[in-house]
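Chains as they are written, first to last, in our numbering: chain A, 1 to 317; chain B, 318 to 451.
One thing to keep in mind: the hints can contain errors.
Listed below are the simulated BS3-like cross-link pairs for lysine-lysine, each with C-alpha atoms no more than 25 angstroms apart in a straight line [stated by the list, open to error]:
hint	chain 1	residue 1	chain 2	residue 2
1	B	K321	A	K28
2	B	K448	A	K17
3	B	K399	A	K6
4	B	K445	A	K28
5	B	K451	A	K6
6	A	K67	A	K231
7	B	K434	B	K339
No lab work stands behind these hints, which were simulated from the structure alone.
Chain residues, written in single-letter form:
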Amino acid sequence: MTFPDKIVNGDIRSIAKGISIVESGGIKSDDLLNKLYNRNCSYIIGVTGPPGAGKSSLINLLIDEFKHHFRKIAILAVDPSSPFTGGALLGDRIRMQQHAMSESVFIRSMASRGHLGGISGATKDAIKIVSAAGYDLVIIETVGVGQSEIDIVKLSDTTILILVPGYGDEIQVMKSGIMEIGEVFVVNKSDKSGSEKLATTVKWLLKENYGNKSYLPPVILSSVTNNTGIKDIVKAVLNHKNYIEKNGIDRDKIKKRIKDDINILLKRKINEFIQHHLKYPENIEKWVNLVISKKSTPYEIIREIKDNMILDVKEDI
Amino acid sequence: MDRKIRVLVAKPGLDGHDRGAKFIARALRDAGMEVIYTGIRQSPESIVETAIQEDVDVIGLSLLSGAHNILFPKVVVLLKEKNAGDIIVMGGGVIPEEDISYLKEKGVQAVFTPGTKIGEIVDFINEKVEKRNK
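Looking at chain B on its own, in the form it has when it is part of the complex (with noise of 0.2 angstroms):
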């Protein structure tokens, strides 16, 4: 049996806007992927440990509060402190279009903001790990 494409989906931060989580976890899950939903008000550290117990290729944060500028870096760096900085981080939410390259530059490998085509995320996320796993 082939390895499956897993993808934490996680919500770090204090808002409880989930619509767009669960419709990318199940948009996700139609493509083939297994994808593990954590549930509204993640730390980084919560999600960073389950990230290494689910042994995920993919961790999606999603924020709609504004605090991604803290905490989708915060993930990225407890990653790289717990020894897994292969782990592909990708964000989305209401992000301003002037933070993106801020996060990228933190390590954030791609950010979706509202009206990106779901195809453009699968995409992403089967060439990243095939990259990733070679």
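Bound conformation, chain A alone (with noise of 0.2 angstroms):
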């Protein structure tokens, strides 16, 4: 059996080194996508919030219930690396180890490796390698994120946002950015001081922000430590599948991210014909050194590098 094959038939082991090899990147990467590219049938969920809202325990408590409607489910928990050493420590697991043995669970840390956005480089062919593998579900975790960090949305069907209460005042749930990604909006922590307050208002902010769209974002209170409205988020979140699915939005997304392939593929392209081509790395010193010595610009710099430039495509890239 190939490796592809085995991938393909649920085989763990090839599972995870598969996800090695996409987070590698490099022509065994592309090889093994190509092969298994066709294969994406997987609904896929975003999990999002700050550090410490609880998405971990959250999603241990989710699996559970999600187990009655789902086959097989993949997590792919992203933990940040260190900007200064590439080290990170993936700690996402500790909250869902009781899954570790369960056949239809597969749990996979995944490091952020410089990428911002809340989401690793590889995490979007990652959640090829499961998809292919059969498994029907694929919960994403981000990092602990801001007000910005945005990436999970191009990735996943339903985004659930995770808030907890004592991150401010009313107008920090105004702000652009996080607060208008949510497709399902947590308030978590409910048994803590705050949460109903911030849970009306992020009710009346959607309310005003979605108008009389034909969907409004549910608000859910839950609580880990009380084990409750674990239940309502799933529920949610069907209810969100089963709109996308009525309205041709599933669609419209895996449009998006073939689109989002293409382009990647194409900068990455002509960015290695870049390097290739021009020798940028042994010529930027050189173009620096025009520049301070004001003898050029980089805009001349670039007009000059662009008239001189034969593109025979089909040889270098």
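Two independent chains are provided; combine them into the complex using the hints.
See the structure below:
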């Protein structure tokens, strides 16, 4: 059996190795993804929110509930890499370790590896691997985010935004960015004071934002400590799933993702072209010196390069 | 992008003393590795399953209760059963000198006792992983 076939067959070791391959990138990764590309058929849920909001603990409880609705569940949990050493401490798993032995659950920790935006550069490709392996539900946990890390939206069919009381007044929830991306809003730690007020504020804000649109994101109070609200979150996700499937929004999302894939591959190829054809690493010093000695400007340099460029695309790309 | 070294730091057995495991996890992180920490009281079975799903190069087992002669070799045996005998197993904790050779015989590739310099562990991992991935 070939390696891609083993992944499709659901062999755990191969799936895990496949994810490592796409994390490392390069030709090996391209070949693998090329073979597995059109096997995407999972429903993808993104779970995001600030650090310590309870994302991992909530997912741990959601897994049990989602098991009634999906056959196999994969969790991709992203934590940040150090910008200094490249190392990472991946700790999301600790909260979900009770599922380690479950045959229908696959959990993989991923380091962000310099990628900003809440996920890692390879997350979208890791989804393709688990999807090809027959996981019909993929849950992505982002790193703890602030106000504007919203890459998760592009990858997920339903985005759950988890908020907790104590992060500021209502002006905070009125700001652009993260507050605009949720399709299911969860106010977690509902056992803490201030949670009801936060939920009311968010509900009001969503009503203002969504006006008379056909979908209004629900706001759900939950508590991991008291195990409340979990069923409601699952119900809200399934409701949103139903909504996007009925209205063809799921197809639009898939189209957008394919567009993104083509876009990223193109940009990478163009970048490689720049590195090789324009001998960027060798020439950059020279260009900088031209600018420093006031003999040229970045704009003039680029114009000159462009004018001199013979685009033998076939040979160089 | 190069492949990062991935290490699972796990605590089998029933003791809850995880200061050492957390120290090692942080130190390996600072050495540029990706460290997955499982938390305390893990069964050998769940450690092996986790190591496979996370595709780690190394498992670091930490134990202070005295059950190392049973639990460490169990992890090695289970890895082999799952066709993952290539994953390097190392151990640490309060382990008597006379047990170390037994553990090594059973496939635990290194045992680090209190007082070990962290650089020694980092070097061990770098060397072993390089050999393994050749």
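Status of each hint after checking the structure:
| no. | hint | verdict |
| --- | --- | --- |
| 1 | K321(B) - K28(A) | holds, 16 angstroms |
| 2 | K448(B) - K17(A) | holds, 18 angstroms |
| 3 | K399(B) - K6(A) | holds, 15 angstroms |
| 4 | K445(B) - K28(A) | holds, 24 angstroms |
| 5 | K451(B) - K6(A) | holds, 23 angstroms |
| 6 | K67(A) - K231(A) | holds, 12 angstroms |
| 7 | K434(B) - K339(B) | holds, 15 angstroms |
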